[in-house]
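Participant: Sequence:
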Amino acid sequence: MVLGRLHALDVPGPPPFPVVDPFEGLIESIDGGAALPEDDRAWLRDLTKQLRTEYLALTPGLPRCVIHGDAWQGNVVVPKAGGAPVLLDLDHVGIGPREWDLVSLTVDYTDFARLTDADYQAFVDAYGGYDMTTWSGYRTLATIRELRWTAFVLGKAKTSTEAAQQVRHRLACLRGEIERPWSWAAF
1 MVLGRLHALD VPGPPPFPVV DPFEGLIESI DGGAALPEDD RAWLRDLTKQ LRTEYLALTP
61 GLPRCVIHGD AWQGNVVVPK AGGAPVLLDL DHVGIGPREW DLVSLTVDYT DFARLTDADY
121 QAFVDAYGGY DMTTWSGYRT LATIRELRWT AFVLGKAKTS TEAAQQVRHR LACLRGEIER
181 PWSWAAF
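Just so you know, we're using UniProt numbering here: the sequence shown kicks off at 1 and counts up by one.
Since the hints were made in silico from the structure, they are not lab data. Don't take each hint at face value.
Restraint ranges, calculated between C-beta atoms of paired labels, are given here [said to hold, decoys possible]:
hint: 1; residue 1: A122; residue 2: S183; range: 20 to 26 Å
hint: 2; residue 1: P60; residue 2: A185; range: 32 to 38 Å
hint: 3; residue 1: S136; residue 2: R180; range: 17 to 23 Å
hint: 4; residue 1: L88; residue 2: A122; range: 20 to 26 Å
hint: 5; residue 1: T133; residue 2: W184; range: 17 to 23 Å
hint: 6; residue 1: T161; residue 2: A81; range: 38 to 44 Å
hint: 7; residue 1: Q165; residue 2: P12; range: 43 to 49 Å
hint: 8; residue 1: S183; residue 2: G32; range: 23 to 29 Å
hint: 9; residue 1: V2; residue 2: D46; range: 33 to 39 Å
None of the values given here were measured: they were computed from a predicted structure. In this text, a Cβ means the ideal position worked out from N, Cα and C, and glycines have one as well.
Using the sequences and the hints, build the whole thing.
Facilitator: Laid out in structure tokens, this is it:
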């Protein structure tokens, strides 16, 4: 599996890659995004603060490795004629816990039902049997990833009514007003 090979690389020293910070740019996106009621903006800031505290408590014991930083199905190309898969969108490559790379696909399984049980199990097996859903820190990383996806759309909501509607929908999901599995439009 391509992610497993990436994560198995030795971390060079001194690191030529930055340490991945899942919170980089989040507050700026929340504050600079589309017009939101201040209570929504404050709620997102509070959620970010809470998640940062949880993340910092989780990650000190996690091994660091080279990670993609934005690993999901759309950033992997598998040649039709066979051959090794190729990772795309390498601008977030850095040093961090492998769990940050694994969470996006796992969220697609647990929170969006975009993967079948068999497909998710095939991913777990290909990665050596590590199932993110059994890790105690999974929900924290999953919510951070979902918050980042929401903040991304927030930036597009200034010029798109569809994006503005999607931001409101995603906020309702994050607040627990809509049960999982969720349905979010891609942007």
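Participant: Does each hint fit the structure? Answer for all of them.
Facilitator: We went through each hint and held it up to the structure:
1. At about 23 Å, the beta-carbon gap between A122 and S183 stays in the expected band of 20 to 26 Å.
2. Taken as a hint, the range 32 to 38 Å holds for the pair P60 and A185, whose Cβ atoms sit roughly 36 Å apart.
3. Our hint of 17 to 23 Å for S136 and R180 holds, since their Cβ atoms are close to 19 Å apart.
4. Our hint of 20 to 26 Å for L88 and A122 holds, since their Cβ atoms are close to 21 Å apart.
5. For T133 and W184, the hinted distance range of 17 to 23 Å is satisfied, since their beta carbons lie about 19 Å from each other.
6. Distance hint for T161 and A81: a CB-CB separation of about 42 Å, consistent with the stated range 38 to 44 Å.
7. The supplied range of 43 to 49 Å is met by Q165 and P12, whose beta-carbon atoms lie about 45 Å from each other.
8. Between S183 and G32 the beta carbon distance is about 27 Å. The supplied range of 23 to 29 Å therefore holds.
9. About 37 Å separates the C-beta atoms of V2 and D46, a value consistent with the hinted range of 33 to 39 Å.
Against the hints set out earlier in the document, no violation occurs for any number.
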